[in-house]
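Okay, here's what each chain looks like letter by letter:
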Amino acid sequence: MKTKKTALNGGEAISYAIKQVDVDVFAMYPITPQTPIIESYANHHNNGEVTTELILVESEHSALSTVIGSAASGARSVTATASQGLMYMYEVLSVASGLRLPIVMPVANRAISAPINIHCDHSDAMACLDQGWMMAFCESAQEAYDMTIFAFKLAEKVSLPIMVCIDGFYTSHNLENLETYEDKVVKKFVGDYKGPYNLLDTKKPISIGALSLPNTFFEIKVELFKAFDDVEKDFLEVSKDFEKTFGKKINFFEEYKVKDAEVVIVVMSSTAQSTKNVIDKLRKERKKVGLLRPILFRPFVYSKYLNTLKKAKEIIVLDRAEGPGSSSPLYKEIKLSVCDNDKKINVTSYVFGLGGRDLFEKDIEELLNGFIKGKPNKEKYLGLKK
Amino acid sequence: MDTINISIYGRGGQGAKTCAQIIAEAGVKAGKNVQAFPEYGPERRGAPVRSYVRLSNKPIRTHEPILNPDVVIVIDGNLANVLKEIKEYSSPLIINGNAEIKGFKSKEIFIVDGTKISLEEIKINNPNIVLIGSLLKILEDKKINFIKYKDVEKVIKETFTKKRKEHFIMPNLNCLKRGYNFKK
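In order, the protein sequence lines correspond to chains L and H.
Residue numbers for the first sequence follow this note's numbering, so the first one is 1 and each next one is one higher.
Residue numbers for the second sequence follow this note's numbering, so the first one is 1001 and each next one is one higher.
Next up, chain L with everything else stripped away, as it sits in the complex (with noise of 0.2 Å):
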């Protein structure tokens, strides 16, 4: 297969894969906080190198609103957005999911307010965990262009919609190389997308979004819930078929010299990538430190993460949000992940980069040294100013 190298950021790469793709409807709405997502995919439009219909909207509820609407008639549905606006999508999100559209969204993870920021984090993916939409995590640019390509298969797939994460800023507006693909490879891979039902068919007439009392409603949520269970047998086959097309595996989670690792970090994100040079650095120093990076976040494939951190003494977890009063998102998951071991392994919670705030590798590494020398650092919020 042939791959072209070139520069892009992340916000322009998830733009390129939307743009082979060459989707039916993409429903935007330019307005702080936006990503270069959209402008660049309007510049696509504009050069007639996409087909798609862009429908210009007021407001991010109005956003996925249509795109609910396009997916519903069957047609491949796309809009982006971050911070404030997925918030102002929220009420909506749950339509998407309980109409099971396999809409696609890449979300640039921004803060949400107040204070006003739209800088860096993740509180605001975090806020939507539960509404039914499938969400993973990627760590670059390339990743986020992978993700991307493969979302749309696995959504259709699975009648789910899917959030595709990146870092705001720190990969949304960040030049990186980029290996594209063909865009006959692409559109093979995703292939024509025929949507379960058909709004505009006249012959088959259906209603969509109906009333749905005490007697029917609680079982077409759990069949929601039961689609969530089976996302990882597709999730596997999708990851085969992409793996035969273009050379690369997609994983639940990446595993970076985690096999003989006694402390092992869990950050993700494009944080987990200055982890490892933290991680290389303290090979050398035959530190035995691991990462495990979990990339599909819903589903959240708890049986796969035991396996892998049974052998771990120590877990230290790095959120990008918090849950005040509660624990923070990423923590609770990890240590749902191993509380069914026999053996006791810490997990250790720590939060870090709200607003955009540098978390440094000097900081990781002291960090991990501390739990090394069984010191570990006692304040949850990791960068706070003194």
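You can take every hint at face value.
Simulated crosslink set (BS3-like; lysine-lysine; CA at most 25 Å straight-line): (1) H:K1029 / H:K1177; (2) H:K1029 / L:K4; (3) L:K335 / L:K287; (4) L:K5 / H:K1148; (5) H:K1084 / L:K385; (6) H:K1029 / H:K1137; (7) H:K1163 / L:K5.
Partial pick of chain H residues on the chain L-facing surface, computed with a CB cut under 10 Å: (8) A1020; (9) E1025; (10) G1031; (11) N1033; (12) Q1035; (13) A1036; (14) F1037; (15) Y1040; (16) V1053; (17) P1059; (18) T1062; (19) H1063; (20) L1067; (21) K1162.
What the simulated footprint calls covered on chain L by chain H, stretch by stretch (three residues with Cβ under 8 Å from a Cβ of chain H suffice, anywhere in the stretch; the number is not a length): (22) 1-7; (23) 172-186; (24) 266-277.
To be clear, the hints were calculated from the coordinates, so they are not data collected in a lab.
A virtual CB, placed ideally from N, CA and C, is assigned to each residue, including glycine.
Since chain L is already given, all that's left is putting chain H on it; use the hints.
Same frame as chain L, now just chain H:
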């Protein structure tokens, strides 16, 4: 030397981000791993802004801002006198304009009047390409081969063709050349 880190200082609207992007795209053409990102704040026209470029023979995984640049480009010469951090760099500084420079730690300060050159060539005050020309020359003299002159030329042609502003290609190529020959 596996990686070169370049910091670019300008004012909002002067194109520090584009400058970083052009350098990075030329790096890609030379087969390098690249990273280019601006520091985002409130995007006010005229406020000081930083942009960063990394070019490397190895994959770039870090997402830190560049604190110890190998080369610094200052698009607005006056900023060099205003921002303390620029005065404290010991790395080579490429400074636009004709401002008087004193009290700098760096022993290699290159003053290039990109404003004058760009006004003559493009008829607008956009010294970025001139400064990239000077950067090419300075790196070449130090035998650091991360970007090539002909690749920057290609990027300029591509950038303006994509923007459908082909008439800007020649004047910008002239800027690049005059920036490269800044010592003459």
